[in-house]
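What follows is the residue order along each chain.
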Amino acid sequence: MEKKILLANIETPDFGRFDTFRKLGGYVAVEKAMKTMTSGNVVDEVKKSGLRGRGGAGFPTGMKWSFIDKSTNNPRYLLCNADESEPGTFKDHYLILKNPHLLIEGIILSSYALGANTSYIFFRGEWFYLMKILEQAIEEAYTNGFLGKNILGTNYSLDLYCHPSGGAYICGEETALIEALEGKRGNPRSKPPFPAVKGLYGNPTVINNVETIASIPWIINHGGDEYAKIGIGKSTGTKLISACGHINKPGVYEIEMGLPVKEFIYSDEYLGGIKNGKKLKAVIAGGSSVPILPADLILKTSKGEPRLLSYESLSDGGFETGTMLGSGGFIVMDETTCIVHSLLNYTRFYHHESCGQCSPCREGTVWMEKILHRIEYGEGKMNDINLLADIAKHIEGNTICPLGEAAAWPVRSTILHFREEFEEHVKNKKCNI
Amino acid sequence: MNVEQKIIFSEQTLALVRKIVSHYPDGKQKSALLPVLHIAQAEFGGWLSVPVMDYVASLLNLLPVEVYEVVTFYSMFNTKPVGNCIIEICRTGPCWLCGADEIISHLENKLKIKAGETTPDGRFTLKLVECLADCGNAPVIQVGWDYYGNMSKAKMDEMIENFEKNHVVSHKNPYVL
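These protein sequences, in sequence, are chains A and B. Everything in the first sequence is counted per our numbering, starting at 991 for the first residue and increasing by one. Everything in the second sequence is counted per our numbering, starting at 266 for the first residue and increasing by one.
If we strip away everything but chain A, and leave its shape as in the complex, we get (with noise of 0.2 Å):
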């Protein structure tokens, strides 16, 4: 199961850097397609590979980049998120850190298959120290010839900066994102228009997850068809799973699409099993906003097949029986893990991150904390169960961003799967975990 695609060489020392990243095959795909293929020819490719994006959504990145508006001369721009702010999700943290080039070589390939010129890294603002080695980077991309005004004598010119969120989990929406760069509250947009119509100052652009971005140069070097062989089914390629929680060896694990869930849990090559011998409760497999699963329907379906680490494995169900690979944030819970205080975090997180402009959303996470709240410490009513469930339905669906969906999705699951122990906290009037 060993492909490495993300993650190759990040060991070597100084693969940072950029001459040793181009001794060991950097920046062979963008003289590839700058020398052989047209854009078109790019989109095209990464539209064999069945690649989805990485972000959590899930959506096929070379139809993605076909929406784009190339009816006018307008500039068009290219979006790198960096914005990485799913509670459990720090893979993109890590793909930053260790190979830096990788994701400045897939911003060169992707602007180029749009016909965008200027690109910009918005990366969330507590990761300066990141920056300073993007930065380091994207200058030696400079002076290698790779970025800036005819790129390798071809008529292609790119710019590419780097720029700082503030310190908000909305703005990882593709036009909270917009906003923000444009110097304004990080409010999501009503769509339509899209991005790919109107986005940046109006003008067309593509979003995509740094994760996304990075899988370009390997498609371009070995053909789309070649990385829809990795994976399984229609998830296809490799995918970053970032652990932590009441695990042996948390971490960031590059896997094929496809890897039982089972195995990647208990093995000594991915999380070494749970901390301290103790048994699994619960995990949340892709990011914080994703729906929880009990122990015995995260490593089984519902069907009884083994669960695996994939787009449709792990939908596998719906909403009753199954979740979604989301990000790849995987929160592994023991049995000591209370799963109501565990949700009442969630959820104070989610009103924290609500930007207040949809009611819905602005007012539901505030009751469905203060419910939680109150079923955690003791004071909560019977009803009180129903009562989540029902705002969690009412925010569901009724929001201009998936934010609502985000704080709903947890409500909803985990009293599907848990209620017996919301109800044990309303008949204790206390949490005995």
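Incorrect hints may appear among the rest.
Unchecked claim - To be clear about the criterion: a stretch of chain A counts as covered by chain B if any three or more of its residues have a C-beta under 8 Å from a C-beta of chain B, and this derived list gives those stretches:
id : segment
1  : 1069-1078
2  : 1164-1172
3  : 1337-1347
Stated by the list, open to error - Derived DEER-like restraints, expressed as beta-carbon distance ranges:
id : chain 1 : residue 1 : chain 2 : residue 2 : range
4  : A       : Gly1105   : B       : Gln277    : 44 to 52 Å
5  : B       : Pro329    : A       : Gly1192   : 22 to 30 Å
6  : B       : Lys271    : A       : Lys994    : 52 to 60 Å
7  : A       : Asp1004   : B       : Val330    : 41 to 49 Å
8  : A       : Glu1325   : B       : Asp422    : 26 to 34 Å
9  : B       : Asp386    : A       : Asn1418   : 39 to 47 Å
10 : B       : Pro329    : A       : Asp1034   : 47 to 55 Å
11 : B       : Asp386    : A       : Ser1292   : 56 to 64 Å
12 : B       : Val441    : A       : Thr1062   : 37 to 45 Å
13 : A       : Lys1419   : B       : Val434    : 43 to 51 Å
14 : A       : Lys1419   : B       : Lys420    : 35 to 43 Å
15 : A       : Lys994    : B       : Asp422    : 33 to 41 Å
16 : A       : Gly1387   : B       : Val434    : 45 to 53 Å
Hint data in this document are derived by calculation from the structure and do not stem from the laboratory. A virtual CB, placed ideally from N, CA and C, is assigned to each residue, including glycine.
Given chain A, work out where chain B should sit, using these hints.
For chain B alone, kept in the frame of chain A given last:
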């Protein structure tokens, strides 16, 4: 904790601001707002007073309200005076699972302040923050632009001692790290 200071950037910082503004198309200097606010906060005592925000507005040719509404939206910007050294503790799910609450209450007891407060001598501010995207090293804290992972009470004690001994100031211009 915040000595009277003339609110004006040095020539060097002004050159940096001009360079940042040049990253955006003509007339889109408002895009430089978040970067310039980070710099202003670092250079003027770790927080953004109204006069500092007005200065940033004048630099970028914006209305003051365009700056106020942005500053109050983003959690990294402080709108009240802070201590020399801000200790930011992640309290979101994964860090909570790995003992963040213990670190928080340990620091509250040690520094004799509540989260969100500053010690009377103006040395430390405790600030609770949301997921820092470093959950593999939970519990995680951030001081200035540095991340510290796998925090324990003992490690925290050692760090506080070092910060005190070395008079660590956490707000530094992030563009000249």
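Which hints from the list above does the structure break, by number from lowest to highest? 4
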